[in-house]
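2 protein chains.
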Amino acid sequence: MTPIKRISIIGAGNVATSLSKAIVNKGFTLIEVFSQKKENIAQLCKHLPKNCLPKMTTDIKQLDQTADCYIVCVKDDALATVIEALPLKNKLVVHTSGSIGMDVFNGFARYGVFYPLQTFSKENPISLKEVPICIEANQPKTEKLLMELGHHLSEKVVQLNSQQRETLHLAAVFACNFSNYLYSVAEEITTAQHIDFSLLHPLILETAKKIQLQPPKAAQTGPAKRHDKKTINKQLQLLKNSPHAEVYQLITQLIEQQG
Amino acid sequence: MTPIKRISIIGAGNVATSLSKAIVNKGFTLIEVFSQKKENIAQLCKHLPKNCLPKMTTDIKQLDQTADCYIVCVKDDALATVIEALPLKNKLVVHTSGSIGMDVFNGFARYGVFYPLQTFSKENPISLKEVPICIEANQPKTEKLLMELGHHLSEKVVQLNSQQRETLHLAAVFACNFSNYLYSVAEEITTAQHIDFSLLHPLILETAKKIQLQPPKAAQTGPAKRHDKKTINKQLQLLKNSPHAEVYQLITQLIEQQG
Chain A
1 MTPIKRISII GAGNVATSLS KAIVNKGFTL IEVFSQKKEN IAQLCKHLPK
51 NCLPKMTTDI KQLDQTADCY IVCVKDDALA TVIEALPLKN KLVVHTSGSI
101 GMDVFNGFAR YGVFYPLQTF SKENPISLKE VPICIEANQP KTEKLLMELG
151 HHLSEKVVQL NSQQRETLHL AAVFACNFSN YLYSVAEEIT TAQHIDFSLL
201 HPLILETAKK IQLQPPKAAQ TGPAKRHDKK TINKQLQLLK NSPHAEVYQL
251 ITQLIEQQG
Chain B
1 MTPIKRISII GAGNVATSLS KAIVNKGFTL IEVFSQKKEN IAQLCKHLPK
51 NCLPKMTTDI KQLDQTADCY IVCVKDDALA TVIEALPLKN KLVVHTSGSI
101 GMDVFNGFAR YGVFYPLQTF SKENPISLKE VPICIEANQP KTEKLLMELG
151 HHLSEKVVQL NSQQRETLHL AAVFACNFSN YLYSVAEEIT TAQHIDFSLL
201 HPLILETAKK IQLQPPKAAQ TGPAKRHDKK TINKQLQLLK NSPHAEVYQL
251 ITQLIEQQG
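Protein chains in written order, with our numbering: chain A, 1 to 259; chain B, 1 to 259.
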C-alpha cells in the first residue's frame, strides 16, 4: 500500500484553496487543479509558491490519470453531477462535504470522505493545522491512507461514518451559521442607533473562547439565564414591531427552560 | 478637578474582580472592597498582588469615606437596593450595568456609569485592555474624570447615553448570550451521538474571528444562505421530535429572507 503523494484537486473555491495550500506546504505534489473557470484556478494559484504551481485543467475528461488521490471540493449541490462526470472509476476519490454521504461514490472502486470542519474564506485561507479532519472510506486500506494524509495536514483527525458526519454538520449549522446570523442581528440593532458594532467584537470573541474551556451550559449568562423578567420585558419593549422579536422570545424561553 | 486616584469597589463578583485587578495593575489605589460575604472578598483578593490588598468591608454603613470614586458592581436586580443603602450622597459613584439607566442614582450629587462590555468569569479574570468601556455621567466634569479613568484601563472608551447603552446591551444579548445558547444546542446534538463536541471548537472560534474582519451578513454561510432545500429538509428530518427543531426552522427562515 503506497502512501498518497501526488494529489489532484477538483474545484477551486475556498476549501480547494486552503487544501491546496496545505498540501503544497506539507511537501505533497499538487499535480493538478480542475475548475470549469480558468480564472478561479488562477485565483487559487495566487496562494501557492511559484515553484509548486499545478496543471490547470478545465475539461473534466482531461483529468490527469496519475494522481494517488483526487479530492473533490465542489459545492454540495454540484457534487453528484461532478462525480458522475469523473473519468476515475479505478482511482481513489474523496469529497470534502459535511452533509453528503459517502455513497455518492457508488460505482467507484476506492472512495471516501475527507471533511475539514471549518468555515473557509478565499481571501484568507487559514492553516489546516488546527482544523479537525473527519475521515470515512469504503475499505480499511483506503481509510488508513486517508488517515495518514489527514495527520500530515492537521493535528486532529477522526474517523466518522456518514451518519455521524451528518450530525456534526447539523451541530455546525447551529454553532456557526446560526451564531453568525445572531451577530448580524446585533449589527443591525447597533447601527440603527448609530452605535459602532465593533464595540461588540471583543465580547463575541470572548464568548467563543469561553466554551473552549468550559461547557456552553456552564458558560451561559444573560437576562434569560438569571430569569430577570424586568430586563427581558424591557428588551421586548425595545424590540416592539421589530423582525427580531420572535427569535428573542424563542431563545429566551429556551434558555429559561434549560434551568 | 483632581483626577481619580483612590477607588472603592462595591461587590466581589466577576466584574468586581476584573476591575480590581486592572485598577491595581494600573497603579491606582484600591482602598476597599465591599461585599456582605467576606469569603467573596477573600476570593477576589487572590487575584491581587499581596502588597496591594484592599480593606475588606462587610457592613455597607462602614464604607471608607475617602475614595475619589465608588464603583458599584453588583447584580442588576440588587443594584437599586445597594445604591439606596450607600452612605455616599456627596461622593462620585458609578455602576457597571449595561441594562440599568443612570437615573438609579437620583439623589446623589455626582454619578455615572462605567460599563465594561464583556463577559467575565471569576476563574479567569481577563485583561480590561481590549474591553470597550462605555461611560455616562450626570455632569461634564464627572464625565471627563470617568473618561480619564477609562483610558487608563482600556484602549477603547466611548461615551454612550443610557438609551444607547440599553441598545448595545440588547445587541450583546443576541451576539453573546444567544450564540452561547446555540453552542449548547450543538453540544447536545453531538454528545447525544457520541461525537466529541470539541471538534467544533475551531469552527466556533473562526466564526467569531471572521466578523472582526468583515460584516456578519457578508460572512454568512450554510444551507439557509444558499437556499439549499435538500440539506435543510434532511436536517429537519434529523431534528424530528427534537426540542431544537423550532429554532432551526425560525433562524433558517430568517437567513433565507436576508437574501
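Please note: incorrect hints may appear among the correct ones.
Since the list gives no way to pick out one identical chain from another, each pair is judged satisfied if it fits inside one copy or across any two copies.
As the list claims (entries may be wrong) - Distance condition first, Cα-Cα at most 30 Å in a straight line; then the derived DSBU-like pairs of lysine-lysine: (1) 240 with 217; (2) 46 with 217; (3) 141 with 229; (4) 217 with 234; (5) 50 with 230; (6) 234 with 55; (7) 21 with 225; (8) 46 with 141; (9) 5 with 217; (10) 225 with 46; (11) 209 with 225; (12) 21 with 240; (13) 240 with 50; (14) 230 with 91; (15) 209 with 21; (16) 229 with 37; (17) 240 with 225; (18) 234 with 75; (19) 75 with 229; (20) 234 with 156.
Treat the hints as calculated values from the structure; they're not laboratory data. The model shown is predicted, which means the values in this text are computed figures rather than measured ones.
Results of checking the hints against the structure:
1. Taking CA atoms no more than 30 Å apart as the test, residue 240 paired with residue 217 passes in both settings, with 29 Å inside one copy and 23 Å between copies.
2. Only between protomers do residue 46 and residue 217 lie at most 30 Å apart by alpha-carbon distance; the minimum there is 26 Å, versus 43 Å within a single protomer.
3. Taking CA atoms no more than 30 Å apart as the test, residue 141 paired with residue 229 passes in neither setting, with 59 Å inside one copy and 35 Å between copies.
4. Taking identical chains as interchangeable, the C-alpha atoms of residue 217 and residue 234 lie at most 30 Å apart whether they share a chain (25 Å) or sit on different chains (27 Å).
5. For the homomeric pair residue 50 and residue 230, neither the shortest alpha-carbon distance inside one copy (62 Å) nor that between copies (40 Å) is at most 30 Å.
6. Taking the shortest Cα distances, residue 234 and residue 55 never come within 30 Å of each other, neither inside one copy (61 Å) nor across copies (37 Å).
7. When the C-alpha separation of residue 21 and residue 225 is checked against a cutoff of 30 Å, the pair qualifies only between copies, where the shortest distance is 27 Å, while the shortest distance within a copy is 43 Å.
8. In this assembly of identical chains, the alpha carbons of residue 46 and residue 141 never lie at most 30 Å apart, being 35 Å within a copy and 55 Å across copies at closest.
9. In this homomeric assembly, residue 5 and residue 217 never come within 30 Å of each other (Cα to Cα): the closest approach is 44 Å inside a single copy and 39 Å across copies.
10. In the homo-oligomer, the alpha carbons of residue 225 and residue 46 lie at most 30 Å apart only across protomers (27 Å), although the nearest pairing inside one protomer, at 48 Å, exceeds that limit.
11. For the identical chains of this complex, residue 209 and residue 225 are neighbours both inside a copy (19 Å) and across copies (25 Å), given an alpha-carbon limit of 30 Å.
12. Taking the shortest Cα distances, residue 21 and residue 240 never come within 30 Å of each other, neither inside one copy (49 Å) nor across copies (40 Å).
13. Taking the closest pair of Cα atoms, residue 240 and residue 50 never come within 30 Å of each other, the shortest separation being 57 Å inside a single copy and 51 Å across copies.
14. In this assembly of identical chains, residue 230 and residue 91 lie within 30 Å of each other by CA distance solely across copies; the values are 29 Å between and 64 Å within a copy.
15. Within a single copy, residue 209 and residue 21 get their C-alpha atoms as close as 27 Å, and across copies as close as 21 Å, so both meet the 30 Å cut-off.
16. For a Cα distance limit of 30 Å, the shortest separation of residue 229 from residue 37 across copies, 26 Å, qualifies, whereas the shortest one inside one copy, 56 Å, does not.
17. In this assembly of identical chains, residue 240 and residue 225 lie within 30 Å of each other by CA distance both inside one copy and across copies; the values are 22 Å within and 26 Å between.
18. In this assembly of identical chains, the alpha carbons of residue 234 and residue 75 lie at most 30 Å apart only when taken from different copies (17 Å versus 43 Å within one copy).
19. Taking the shortest Cα distances, residue 75 and residue 229 sit within 30 Å of each other only across copies (14 Å), while inside one copy they are farther apart (45 Å).
20. When the C-alpha separation of residue 234 and residue 156 is checked against a cutoff of 30 Å, the pair qualifies only between copies, where the shortest distance is 27 Å, while the shortest distance within a copy is 45 Å.
In this structure, the earlier hints numbered 3, 5, 6, 8, 9, 12, 13 are contradicted, and the remaining ones agree with it.
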